[in-house]
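Protein chains in written order, with the working numbering: chain F, 238 to 482; chain D, 479 to 803.
Hints were generated in silico from the structure; no laboratory data involved. One or more hints might be untrue.
Stated by the list, open to error - In silico DMTMM-like pairs for lysine to aspartate or glutamate, Cα to Cα no more than 20 Å straight-line:
| no. | chain 1 | residue 1 | chain 2 | residue 2 |
| --- | --- | --- | --- | --- |
| 1 | D | Lys796 | F | Glu305 |
| 2 | F | Lys398 | D | Glu679 |
| 3 | D | Lys670 | F | Asp342 |
| 4 | D | Lys797 | F | Glu469 |
| 5 | F | Lys480 | D | Glu679 |
| 6 | D | Lys666 | D | Glu701 |
| 7 | D | Lys548 | F | Asp466 |
| 8 | D | Lys790 | F | Glu473 |
| 9 | D | Lys691 | D | Glu769 |
| 10 | D | Lys588 | F | Glu443 |
| 11 | F | Lys432 | F | Glu305 |
| 12 | D | Lys759 | F | Glu473 |
| 13 | D | Lys666 | F | Glu402 |
| 14 | F | Lys470 | D | Glu786 |
| 15 | D | Lys537 | D | Glu667 |
| 16 | D | Lys657 | F | Asp371 |
| 17 | D | Lys766 | F | Asp466 |
| 18 | D | Lys790 | D | Glu701 |
| 19 | F | Lys343 | F | Asp438 |
| 20 | D | Lys759 | F | Glu478 |
| 21 | D | Lys491 | D | Glu679 |
| 22 | F | Lys379 | D | Glu667 |
| 23 | D | Lys796 | F | Asp338 |
| 24 | D | Lys657 | D | Glu667 |
| 25 | D | Lys657 | F | Glu402 |
| 26 | D | Lys588 | D | Asp627 |
| 27 | D | Lys799 | F | Glu478 |
| 28 | D | Lys532 | D | Asp513 |
| 29 | F | Lys379 | D | Glu769 |
| 30 | F | Lys341 | F | Asp438 |
| 31 | D | Lys588 | F | Asp371 |
| 32 | D | Lys799 | F | Glu469 |
| 33 | D | Lys588 | D | Glu565 |
| 34 | F | Lys341 | D | Glu701 |
| 35 | D | Lys666 | D | Asp544 |
| 36 | D | Lys588 | F | Asp338 |
What the hints assert, rightly or not - Covered by chain F, according to a simulated footprint, are these stretches of chain D (three or more residues, beta-carbon under 8 Å):
| no. | region |
| --- | --- |
| 37 | 526–535 |
| 38 | 561–573 |
| 39 | 588–596 |
| 40 | 616–624 |
Heads up, the beta-carbon is just placed ideally off N, CA and C, and yes, glycines get one too.
Chain by chain, the residues:
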Amino acid sequence: MKILVCISNVPDTTTKINFTPDNKSFVTTGVQYIINPYDEIALTRSLELTEKDGGTVTVINVGDATTEPTIRKALAIGATDAVRVNAAPRDAYFVAKQIADYAKDKGFDLILTGRESIDYNGAQVGSMVAEMLDLPAISSVKMLTINGSAATIEREIEGGKEIVECALPLVASASEGMAEPRIPNMRGIMSARTKPLVVVDASSVEQLTSVVGYDKPKPRSTVNLIPSDNVEKLVELLHTEAKVI
Amino acid sequence: MSVLVYTENSAGKFKKSTYEVVSYGNEIASKLGVDLKVISIGNVSNDELASLGKYGAKKVLNVADDKFSKFNGQAFASAIAEAAKTEGANVVVIANSFSGKGLAPRVAIKLTAGFVDGAIALPDMSSGFVVRKGAYSGKAFADVNITSDVKVISLNPNSYKVIETPQTAEVVAFTPNVKDSDFRITVKEIVKASDKISLPEAELVVSAGRGLKGPENWGMIEELANLLGAATACSKPVSDSHWRPHSEHVGQTGIAVSPNLYLAIGISGAIQHLAGVSSSKTIVVINKDPEAPFFKAADYGIVGDAFEVVPKLIEAVKKFKAANA
């Protein structure tokens, strides 16, 4: 089985977010970057599948040279090889087009992405790649098993889950539950240095969206502390002041 | 020119989030001076379809073919894109639900449309077509300008109010020309906890963390949630320890919620948790540690032990419900 896992290079989950004074860009100084947590789940599940049934796991990232430590980490966790499309990721459409252009003639059985990236919070790339390659896609996948040439998949829906079957090839977007991320061991870290990381040029893509600016939520006013022996007061305030009950 | 809204149904019924997208689409249509059209896919009664007129729909395209009785992102996207072309839609609005996430990006590609997902406000059309969405997992907002002719937006639940603007909606059958290879997915089973309120759409959420000490203590959390008509949620350590299912995990790597009330019990308020709840309208924190960081992000707080405060709160809510029944 041939699996492609799309990984995004994102600020660590504990990062304090700051923007440049013109609010146009994210300040990267001092920020630790990681593999997008959902992409890491997808990567781990891919390794579980290929360890069981054989096959290869290729990771692909759209980014400039600064993302290479994150790609090497994916190789240390266990990916077979890696591809970096050499371009700053402009938006989901741009990223999806690069991935689709790379994948179109490679015969992948499975293309996995994370459910969303934790920086832009788009949940777009997986379904876009699928559309560009005319493949089925399933999003928010909590369980994925392969039986021969088909997959059984559990996806999240409002208030429950849906179980679907689909012949390969397909695209799936990983959510929590699909696998437990692994910590790379020393052997993995050593071998990652020599695994192939191919850099390819980006194709040109028309621009359909652009970020005008960012800002941060306004801080809440000081908390109104209510004595623990007067919870009736809390209920009253939620009714009369906050008007939520 | 028109605005086209996809109205998702659940077992043939429209939900509040559906009326939110219709109301949102209607507001854009009236600003643009065009008609609001709607596409419904699946088995929905004519009365239910006609009810969309109450929120401004002029025309309802009804795809009732049996092939479409279960969700399929690829086929649904083909139907919606075809309707958008037939109706000359320049804006397409879809709910940012689990299914919406699977089809809106495909619709955007089919229409070569710029796409913003998870919109939280109406587009600002004073200079371009700028849509606000959350970014950096609740730690920021991004304003995104869609520059293409056709625009696709997915709207977050609980982000726009339901507004009644009665119209008479004309319901017409619509048979999209969808290719067989779009139907490669077979839905085997749908498992729904029907008595439960769905977390992403919930207006009230009662959430608990490690302060509860173990899964056996969730009875009082569920009792409080039931009394309030709230969904239950939990922090990451709780779902990681399998005290509660992953589907209840709220936070940066779980579900992001924006309810009217988020009541957090025994949750310290790590930055990753706050990221998932910061857009809640009112936040109440109950924690025995007065230094818990969550108090800094809360509107109301009680410093106290959950095992003492929650039973008292249950009694107080019962009294309140009895007095306001």
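In rising order, the numbers of the hints this structure does not comply with: 1, 3, 6, 7, 15, 23, 24, 29, 34, 37 and 38
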